[in-house]
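Protein sequence lines correspond, in order, to chains A and B. So for the first sequence, the working numbering puts the first residue at 446; every next one is plus one. So for the second sequence, the working numbering puts the first residue at 446; every next one is plus one.
Heads up, a few of these hints could be off.
Same chains, same label: a pair holds when it works inside one copy or across any pair of copies.
Below, simulated EDC-like cross-link-like pairs (lysine to aspartate or glutamate); rule was C-alpha separation at most 20 angstroms, straight line [said to hold, decoys possible]:
no.: 1; residue 1: Lys746; residue 2: Asp702
no.: 2; residue 1: Lys637; residue 2: Asp730
no.: 3; residue 1: Lys639; residue 2: Glu756
no.: 4; residue 1: Lys639; residue 2: Asp770
no.: 5; residue 1: Lys639; residue 2: Asp783
no.: 6; residue 1: Lys637; residue 2: Glu669
These aren't lab readings, by the way, just hints derived from the structure by calculation.
2 protein chains.
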Amino acid sequence: MTEETAARRVRVERLSGFIERAFTAVGMPAEDARTVASLMAEADALGSEGHGVFRLPQYVKRIRAGGVNLRPDIRIERERAGMALLDGDNAMGHLVMHRAAGLATRKAAEAGVAWVGAHGSNHAGPASLYARIPLRHGMIGLYVAVGNANHLPPWGGTELLLSTNPIAIAVPAASRPPLVLDMATTVAAYGKVKTRAQRGETMPEGWMIDRQGRPLTDPRRADEGFLLPIGGYKGYGLGLMFGILAGILNGAAFGRDTIDFNADLVSATNTGQFVVAIDIGAFIDPDAFKRQIDIVWDTMKSSPLLPGFEEIRLPGERTHHIEQDNRAQGVPIHPALDRSLADLAADLAIEPL
Amino acid sequence: MTEETAARRVRVERLSGFIERAFTAVGMPAEDARTVASLMAEADALGSEGHGVFRLPQYVKRIRAGGVNLRPDIRIERERAGMALLDGDNAMGHLVMHRAAGLATRKAAEAGVAWVGAHGSNHAGPASLYARIPLRHGMIGLYVAVGNANHLPPWGGTELLLSTNPIAIAVPAASRPPLVLDMATTVAAYGKVKTRAQRGETMPEGWMIDRQGRPLTDPRRADEGFLLPIGGYKGYGLGLMFGILAGILNGAAFGRDTIDFNADLVSATNTGQFVVAIDIGAFIDPDAFKRQIDIVWDTMKSSPLLPGFEEIRLPGERTHHIEQDNRAQGVPIHPALDRSLADLAADLAIEPL
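Given the sequences, and given the hints that come with them, work out the whole structure.
Following this line, the structure appears as structure tokens:
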């Protein structure tokens, strides 16, 4: 029996309840604990295994060290018709981005398009969570973040000055699943490196190189090298620009100011992220738009295959199937993660998962 | 003497004047001819050699065939505080996007952020031209387009359903050049393939593959294969989503509806593009922001190098140097292009370049 098949399946609600208990135990107000837990469990339901409950022990560590504000005053600092800037007041990033996405959605209903950024935020989980909030209101959602630790240098350099700065774009369909792109601007997200390390697995060549430019495939040696951007200098440029839009424009950290939230548990990370909501009806009849997205699905899926491929996938398709399976069968909790969550439960004296 | 060193240098104003004469000769109103010529010559000044005067013979061919509306009524079809949708009325794409970028800039001055899309547009040259218009007003500019011919299949397929859908993002600095990213979501833009073909040069592996998945390096055989997206399925996903935002959302062509504007000179292309302008002052003190961008320049440029690299470049840095050189010394006109422009001048009975 491999480690993978040994993963037990835990219902999403149960997972969410466990996360909520953990946060409540370290002093988070009940409503906030529920919001964060629900978003983290959703991340696991969506198969973002590096960004859901996997992060809980580290979040708890940071909260206990005083690195997160549990009584934040998340407030609108600046606002115009097409934008707002939030001060996250060093709250859990999930709370700040949940607020940002909700505000962007409400503002877009008036202005057609609304862009809501934040500083003083923190790690908020997978990008797609917040692109999916406008989606639930029939809108297009877009999310960009500055990552919470620098894992790559500028193209041609060796100093870790950039993060994996991800983008998510979510687009509704009529009768097909929504299209949801969620990608780091690196070949692999750092969360994937961490889960490989926890499981004792190796990485394929192309994910990371060492400081001499040689392939690095042992995830436990990740500190000795850096992630590679997609398309070489293009992914570097895209990640850099996303970092400027999500970081500097919002008055948030970027470059050398980025706090490695794993290494430093106390300093405020001043994380920057933004959400854009687009009210489809401002541009085009929403039903006609959604039918066009169905046609995109059908056209792509039925088009001929390149030798060696079994199917053409659409962005979010794999996630959609994983989500259906995880919501029906439960989220797979890998044994190594299960042990660390059991330790956490004992430590916090809460009912285990 | 190589072909490259044989390129003669032509002053930007002279180039612009020639383009203007050509458009006037085929019936374009004087002011429109001046606007399009100025944008095309700017593309050449910026070193976008596949997107400037190189395209003139083909544009003229399309105009003569009746494929472009020379008396367009470019108008705002829908508008809210944070957005507008233009009907380009099948005008030259440069005119539609010039209008879109100007409108986005004016609207962003009020709303903070403004997103202006268009349908009924046409090929408009390099993406960075329109991201640079908000930039001239101290704003951040962002531009995305659906390309004007499909050059790649969905990831794992062989049917050409997608274009190179590019993105440009332009960000002002204080005392350094602006950061300007301009990239196709493919490893190489199709314009680069065309210029290689015209010059009889080969392409590096990784730009294109044939229908069996084998590397394709002869640009004259480009019809037998397709471009590769950056980062494999990631670039495919990004290009697909950009195409939906710039195409379907605007009521413009996408996928099988895309008209190959080189093969079909008559059908309206119904090209879609959008420009986003961001008024920096809505978020943060603009001077403080620009100083931060200077710091980005200095931090990246002075950081240590990976073995085998001579320098770290910032997005737009190479373009900045090329532009300075081209504005001082003139734009290099490659002999093959020079001959085709001489033929065009003779054909149109206008003063040659």
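Structure-based check of all given hints:
no., hint, result
1, Lys746 with Asp702, "between (44 angstroms within a copy, 16 angstroms between copies)"
2, Lys637 with Asp730, "neither (39 angstroms within a copy, 37 angstroms between copies)"
3, Lys639 with Glu756, "neither (29 angstroms within a copy, 31 angstroms between copies)"
4, Lys639 with Asp770, "neither (24 angstroms within a copy, 47 angstroms between copies)"
5, Lys639 with Asp783, "within (15 angstroms within a copy, 55 angstroms between copies)"
6, Lys637 with Glu669, "within (17 angstroms within a copy, 37 angstroms between copies)"
Of the numbered hints stated above, those contradicted by the structure are hints 2, 3, 4, listed in ascending order.
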